[in-house]
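Each protein sequence line maps, in turn, to chains A and B. Under my numbering, the letters of the first sequence match residues 1 to 164, in that order. Under my numbering, the letters of the second sequence match residues 1 to 790, in that order.
I should point out that these hints are in silico values taken from the structure, not numbers from a laboratory. Predicted model only: the values in this text are computed from it and were never measured. Hints may be right or wrong, so weigh each one.
Said to hold, decoys possible - Some residues of chain B that are not near chain A, with every Cβ distance over 10 Å (derived): (1) Gly493; (2) Ala719; (3) Gly748.
Claimed, not checked - In silico SDA-like pairs for lysine to any residue, Cα to Cα no more than 25 Å straight-line: (4) Lys11/B - Gly33/B; (5) Lys671/B - Lys623/B; (6) Lys11/B - Pro32/B; (7) Lys662/B - Tyr156/A; (8) Lys11/B - Val15/A; (9) Lys11/B - Gly76/A; (10) Lys550/B - Phe527/B; (11) Lys340/B - Ser514/B; (12) Lys11/B - Leu92/A; (13) Lys11/B - Glu21/A; (14) Lys671/B - Phe659/B; (15) Lys11/B - Pro511/B; (16) Lys99/B - Glu141/B; (17) Lys662/B - Glu135/A; (18) Lys11/B - Leu155/A; (19) Lys11/B - Leu160/A; (20) Lys497/B - Glu89/A.
As the list claims (entries may be wrong) - Have a look at the derived ranges for each label pair, beta carbon to beta carbon: (21) Arg27/A - Asn703/B: 52 to 60 Å; (22) Gln657/B - His125/A: 24 to 32 Å; (23) Pro87/A - Glu561/B: 20 to 28 Å; (24) Arg27/A - Tyr470/B: 47 to 55 Å; (25) Glu131/A - Asp53/B: 55 to 63 Å; (26) Arg27/A - Asp59/B: 40 to 48 Å; (27) Gly232/B - Arg22/A: 22 to 30 Å.
Ideal Cβ placement from N, Cα and C applies to all residues, glycine included.
Residue strings, one per chain:
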Amino acid sequence: MTAVGTEHRVIRVVVNGVPYEREVEARLLLSDFLRHELGLTGTHVGCEHGVCGACTVLFDGEPVRSCLLLAVQADGHVIETVEGLAPSEAELHPLQRAFWEKHGLQCGYCTSGMLMVLKAFLAEHPNPTEEEIREAISGNLCRCTGYQNIVEAALYAAQLMRQS
Amino acid sequence: MPTRIFGEPIKRAEDPRLLTGRGRYTDDIDLPGQLHVAFLRSPLAHARIRSIDVSAARDMPGVVAVWTYADIGPCQRRMPLLIPHPDLTHPYTRYALAKDEVNHVGEPVAMVIAESRYLAEDAVEAIVVEWEELPPVVDIERAVQPDAPLVHEELGTNVAAHYVGIVGDPEGAFSRAAHVFRERLIIERSAGMPIETRAIVAVWNDVEGVLEVWDTTQAPIVIRNALAALFGLAPTQVRVVAPDVGGGFGCKIMVYPEEVLVPYAALALRRPIKWTEDRLEHFVGTNHERLQIHDAEIAVDAEGRILGIRDRFLHDAGAYTPYGIIVPIITACQLPGPYKVPNYHVEFRAVYSNTVPVSPYRGAGRPHAAFVMERLLDRVADELGLDRAEVRRRNFIQPHEFPYDVGLIFQDGAPTRYDSGNYPGMLDLLLQQMDYDRLVREELPRLRAEGRCVGVGIACYVEGTGIGPYEGATVRVEPTGQVYVATGMPQQGQAHKTVLAQIVAEELQVPVESVQVFEGDTAHFQFGSGTYASRSAVVCGSAVALAARKVREQGLQLAAEELEVAVEDLVVEDGRVYVRGAPERGFTWAQLAQLANPLRYAYAGDLVVRPRPWTGPTLPPGKQPTLEATEYYSPPHATWASGAVGLLVEVDIETGQLFFRKLWVVHDCGKMINPMVVEGQVHGGIAQGIGGAFYEKLYYDENGQLLNASFMDFLIPTAMEIPRMEVAHQETPSPLNPLGVKGVGEAGAIPMPAVVAAAVEDALRPFGVRITRMPLDPDQLWRMTHPESP
């Protein structure tokens, strides 16, 4: 007897520019695949029911909740995680610089999701208002910062990105 | 001139790792050969276990073991009572796995250990339990009635503790009062809800002979000591690490069943074991807080000066009391707040219910206290036709009256004694920041004339912070130039690596980047209690400062000997110790560390240590080969921070929705080590306080089922709900500790229920309602503004 969910599939996925081919259990969550199969633990899991946004990654450039997707659904797609955000080991992405500068994080657990959502948002809204930023991150819960410095950081990052 | 590092808004040392996904949280740790745990938890609030059949689960693929109470060896002992109290006459703690009875939904009953988390969860489904349902106790007012069913039959009562505190002559005060006002005030059940749930990884390291545990705890030393005692190991054979922890807010300080069971599995099975709580488990398996029902009354003279307060309250303890009665004790002691209450009678009963146990959540009894006190003062103001700010001003403890004794024994066993503060100054600063007179006289009438339902509230609070017993730290200058700092206190986002480094960098005048702080790892430091009660900066910061000062003295002494000058002739600046007026005569700190440790160095380069003529032992008696000191700081009693908040709200009468239009905060935590970090703490506390005032309530039904155990249903405010906060600081140094600091961690959460109630009540004056229950919600507000509706 094959137990429920133990069926396996081979998937091909590009994560942060690196192609991977892996055999995975059909029921494996994308979040668990990234974290525990690929070792990309920068993507965090806060609720596993798609509300907190901590596990947000970019899926073909669009923010998605990796806890609500199966790894097999990523077959043939391109994923970006927080580990791929900085242009190099020595340099931070403007969003990362801005979060550092403006104290946009405390425990750091929601941060990866915030950064990935904002990356996609700022690409389409290079000159956002505070209200637009608040709406953009309203699917991501933070329990430490009260959001104020995250908003400051996003405004500052937008400014940095416009300048560069 | 020495460089100022203490007090500067220095960017956090923690951030580059966390921003690039290189943080290391407990669930990020995967060890080779690791097994995974899933728990079967009680679906019932109160039941006897007739039988448990685990045979089907044991036969499932990938399952290594399925354990019930009978299988857990040393963990069969009852979980510890961490904080006893003489008035906790009926304490009760659980078994790590239920022995024969469950007392809340979520209580661990059986434990599956399998090759993956998925397989472990599959097997949990296959465990069959035969239950005998018992009557659940959920309503704590019902629970204290004589005929109520009992949570713990053998105790013969649902009352775990009955506390009475009396200051002065409350009865006399009430009999001579010009006015007495009574309120019944309720603050509902809520919980900390860090975004990272709890997790534990444990492995028996056979090479070292050490049990290694990574745990999302706020108190790794407590866990280490508990595990050593439980398993009969020497403390040095157990290493507990709290790595990066994704928020705590109180609920991660405990000795939870999983915290002993997972390490036990690692010992018994000799495999690495991991358990990561899911969010549903967190809702029913990690401690809650908040529910109290107060019957409070205030006696005032004709001018609104407080003559006395009487408060009797019920405190919901949940099913067990592992953390004693800390929360209601804090409520009782802090209720008077920044006001003179010469006569005070406070009395509570901590009541068992078949719900998740209660232990501190950010604020820890203080939001309740501030809610009661501030509601009473608002009532006095309204009844006497006084401005709400004026009533507060008339009752403040004055700056010259410190130290001020409230007259009760605080949570740490020491007197509730305020060390310093400037409450009138704090309120003045707030009113100035709000432009209060203009707001009340012009802005509100103007908005109301436009038909908008707006209101303003203010609230003041104090917070006893930085309690004992003690914390310690080691500071060492390395011959390579870095400064090593080790403490026992872990962080959950409070920037210890930054602020503790600032303290050391200031004392030694070295670059803050050269100071490396190690925390939350018992291999680095093994004495101390943990991160709670807004105490890290005060207690740990002071220990770090004392150790750094000792190292500074050591460096000065050594330099004086080497340079043959008096210590008084030396200055410490720019990372060096040198002769005043002759900067070329001196040493870097690295050179001093080398001089202290006269070894032959590999890769020596331009070391200052040179062969010397023989004068006796290389390291004479009484000398140590390092610039290093370990110091402890034990506060005489809590140091008292304070604050005031102002809030402008608007109610949408049609929908009952509440909008936070403006929010002002004045905060006084004494000297600030890093104002940026302080402000961040205040922001976060305020946001949680707003959650507790309008969004977050845990709903139990009469069967003890938690109805909203998900983030879909338990509403944590998002960036759309939390308003911009304007924070101003007042600095009234504490005279108690070497840094003059006070704690800030819980501050923001404390006044929010009080100030939201005040502002909403002001907005709803046309409807003549009084706000006596927190949190509010749109439904309640709609009903208040539509009294004719069913």
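Structure-based check of each hint:
The claim that Gly493/B lies off the interface is violated: its Cβ sits roughly 3 Å from the closest Cβ of chain A, which falls inside the 10 Å cut-off. At the 10 Å boundary, the C-beta of Ala719/B falls inside the reach of chain A, the nearest C-beta of that chain being 4 Å off. Against the 10 Å criterion, Gly748/B falls within the reach of chain A, whose nearest CB is about 8 Å from its own CB. Proposed proximity of Lys11/B and Gly33/B is contradicted: the alpha carbons are some 39 Å apart, above 25 Å.
For the proposed pair Lys671/B and Lys623/B, the alpha carbon gap of about 35 Å is over 25 Å, so the pair is violated. The suggested pairing of Lys11/B with Pro32/B is violated, with an alpha-carbon distance near 36 Å, which exceeds 25 Å. As the CA atoms of Lys662/B and Tyr156/A are separated by approximately 23 Å, the hinted pair is consistent with the 25 Å bound. This hinted pair does not check out: Lys11/B and Val15/A have alpha carbons roughly 31 Å apart, beyond 25 Å.
Among the hinted pairs, Lys11/B with Gly76/A is inconsistent with the structure: their alpha-carbon atoms are about 40 Å apart, more than 25 Å. This hinted pair checks out: Lys550/B and Phe527/B have alpha carbons roughly 19 Å apart, not beyond 25 Å. Restraint check for Lys340/B and Ser514/B: not satisfied, since their Cα atoms lie roughly 47 Å apart, outside the 25 Å limit. Only pairs whose Cα atoms come within 25 Å are accepted, and Lys11/B paired with Leu92/A is accepted, the gap being roughly 15 Å.
Simply put, Lys11/B and Glu21/A have alpha-carbon atoms about 40 Å apart, too far for the 25 Å limit, and the pair is violated. This hinted pair does not check out: Lys671/B and Phe659/B have alpha carbons roughly 34 Å apart, beyond 25 Å. For the given pair, Lys11/B sits about 13 Å from Pro511/B by alpha-carbon distance, which is consistent with the 25 Å threshold. Proposed proximity of Lys99/B and Glu141/B is contradicted: the alpha carbons are some 28 Å apart, above 25 Å.
Taken as a hint, the Lys662/B and Glu135/A pair is honoured in the structure, with Cα atoms around 18 Å apart against an allowance of 25 Å. Distance check on the hinted pair: Lys11/B and Leu155/A sit about 18 Å apart at the alpha-carbon level, within 25 Å; holds. Between the alpha carbons of Lys11/B and Leu160/A the distance comes to roughly 18 Å, so the proposed pair stays at or under 25 Å and holds. Simply put, Lys497/B and Glu89/A have alpha-carbon atoms about 22 Å apart, close enough for the 25 Å limit, and the pair holds.
For Arg27/A paired with Asn703/B, a C-beta distance near 32 Å fails the hint of 52 to 60 Å. With their beta carbons about 26 Å apart, Gln657/B and His125/A fall inside the hinted range of 24 to 32 Å. Between Pro87/A and Glu561/B the beta carbon distance is about 51 Å. The supplied range of 20 to 28 Å is therefore violated. Separation of Arg27/A from Tyr470/B is about 50 Å and conforms to the stated range, judged on CB atoms against 47 to 55 Å.
Taking 55 to 63 Å as the suggested C-beta distance range, the pair Glu131/A and Asp53/B conforms, at roughly 57 Å. Checked against the hint of 40 to 48 Å, the C-beta distance between Arg27/A and Asp59/B comes to roughly 21 Å, which is inconsistent with it. A hinted range of 22 to 30 Å is violated for the C-beta pair Gly232/B and Arg22/A, which are about 44 Å apart.
Consistency note: the structure conflicts with the earlier hints numbered 1, 2, 3, 4, 5, 6, 8, 9, 11, 13, 14, 16, 21, 23, 26, 27.
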